[in-house]
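Heads up: the sequence lines are chains A and B, in that order. For what it's worth, numbering that gives the first Met the number 0 labels the leading residue of the first sequence as 0, then goes sequentially. For what it's worth, numbering that gives the first Met the number 0 labels the leading residue of the second sequence as 0, then goes sequentially.
One thing to keep in mind: the hints can contain errors.
To be verified - Incomplete in silico selection of chain B near chain A, CB under 7 Å: (1) CYS101; (2) THR122; (3) ALA123; (4) ASN130; (5) GLU132.
Bear in mind the hints are in silico, worked out from the structure with no lab data behind them. Here the structure is a predicted model, which is why all the values come from computation and not from measurement. Glycine residues also receive a C-beta, built at the ideal position from the N, C-alpha and C atoms.
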Amino acid sequence: MAKSIVATGHFTGCFGCHMSLLDIDERILELVELVEFDKSPINDKKEFDRPVDIGIIEGGVSNEENVEVLRAFRANCRILVAIGACALTGGVPAMRNTVPLRECLEEAFVTGPTVVDGMIPNDPELPILLERVHPCRDLVKIDYEIPGCPPSADALWEALSALLEGREPVLSYEQLKYD
Amino acid sequence: MSDRNERITLTIDGVEISGESGMTLIEAADAAGIYIPRLCHHPDLPPTGHCRVCTVTVNGGNGAACTRPVADGMVVENDTERLNTLRRNLIEMTFVEGNHYCPECEVSGDCELQAVAYRLGMTAPHYPALNPEREIDGSHPDVFIDRNRCILCGRCVRASALIDGKSIFGYKYRGIHKAVAVVVTDRLGETEIEATDKAVSVCPTQCLRVKRRGFRTPLGSRRFDREPIGIPERE
Chain A
0 MAKSIVATGH FTGCFGCHMS LLDIDERILE LVELVEFDKS PINDKKEFDR
50 PVDIGIIEGG VSNEENVEVL RAFRANCRIL VAIGACALTG GVPAMRNTVP
100 LRECLEEAFV TGPTVVDGMI PNDPELPILL ERVHPCRDLV KIDYEIPGCP
150 PSADALWEAL SALLEGREPV LSYEQLKYD
Chain B
0 MSDRNERITL TIDGVEISGE SGMTLIEAAD AAGIYIPRLC HHPDLPPTGH
50 CRVCTVTVNG GNGAACTRPV ADGMVVENDT ERLNTLRRNL IEMTFVEGNH
100 YCPECEVSGD CELQAVAYRL GMTAPHYPAL NPEREIDGSH PDVFIDRNRC
150 ILCGRCVRAS ALIDGKSIFG YKYRGIHKAV AVVVTDRLGE TEIEATDKAV
200 SVCPTQCLRV KRRGFRTPLG SRRFDREPIG IPERE
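Between the sequences and the hints, there should be enough to build the whole structure, so can you do that?
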């Protein structure tokens, strides 16, 4: 059987969901028999250059680079799975949504009590921040959602193994958590 | 409710149960061991039908089970895909209307909104988040209000008036801006509220909460971390 091609992506989040994926422990040996990793922060492959079966994405959308990469994931992945609170709700980074962006930046870089000679970073290399942090579904269609902060290794394993076997993932009560 | 004497029978999802006239549907279902999801209802308080999560179909029409009196021969649908989808949508709207971010919430695992969402299988809210600015009030030495979690169930309003006899809470503003008010003084610190008040213990999302209790029970060991809310599903 040909291996399924899996890509993983990381937007605005803490990488905890990728860490949780590694928490599947020895099952990772089973996984490498079934999948081939394509673009992923794990192998540092930067660009898509072939169709991908399953894209797994972590993190919310807070800047223009996130928007571009998320759209590339949707365009190149047959099935797109959003994992974790940030990808599904904006998560912890979305706490800034109740404060206007300029106020956030000024507090962090100009008026904050520990700032000396501050300025809001404006290097052209830096992606422009969006006014609000968005869940991934605000921009592209998401096929499956695995909540959690992070989702447990068992929840991720269930989702992955189900999709690889061509069935619908079913999360148990212990596996469906938002925290 | 009065006149609890006449025995009546009704069916919920085809299961025949008995009740007494004067009972509400949710009371009859609870007594029969059938779970109807709910948020604003509390067994110690009169029902108000605010949240509509307990919506059931009675003889073909929708109604709130917490306010609907039982009647002989009623045919009730409860645990159906259609109703559970409606309820899940109500829960999702409740999530996006406030600031319900479970990962950073100190009451995660001990929150009825989250627990009902778990039980109904919500993966995430699918409506645009409003991220409203909500008032918090830490002026009282023992009790605080974090309205980011408030779902306007009105339990505190009812409990404070009817059980504590203090009428500390009411509502202010209208429409989407509606909020629980501390009446007259506007500040919790200037009221007679106590940590032992019923109004504090009935809050489903603990936006009304006793201070210095934050993580006494660690995450993962709380009420709804392992066991679903409400009566267990029938085999």
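Verification of the hints:
1. Residue-level restraint check for B/CYS101 holds (minimum Cβ-Cβ distance to chain A is 4 Å; threshold 7 Å).
2. The restraint placing B/THR122 at the interface with chain A holds, with a minimum CB-CB distance near 4 Å, inside the 7 Å limit.
3. This hint holds: B/ALA123 has a C-beta 4 Å from the nearest C-beta of chain A, less than the 7 Å allowed.
4. Interface hint at B/ASN130: satisfied, since its Cβ lies 4 Å from the closest Cβ of chain A, which is below the 7 Å cut-off.
5. Here the hint on B/GLU132 is kept, as its CB sits about 5 Å from the closest CB of chain A, short of 7 Å.
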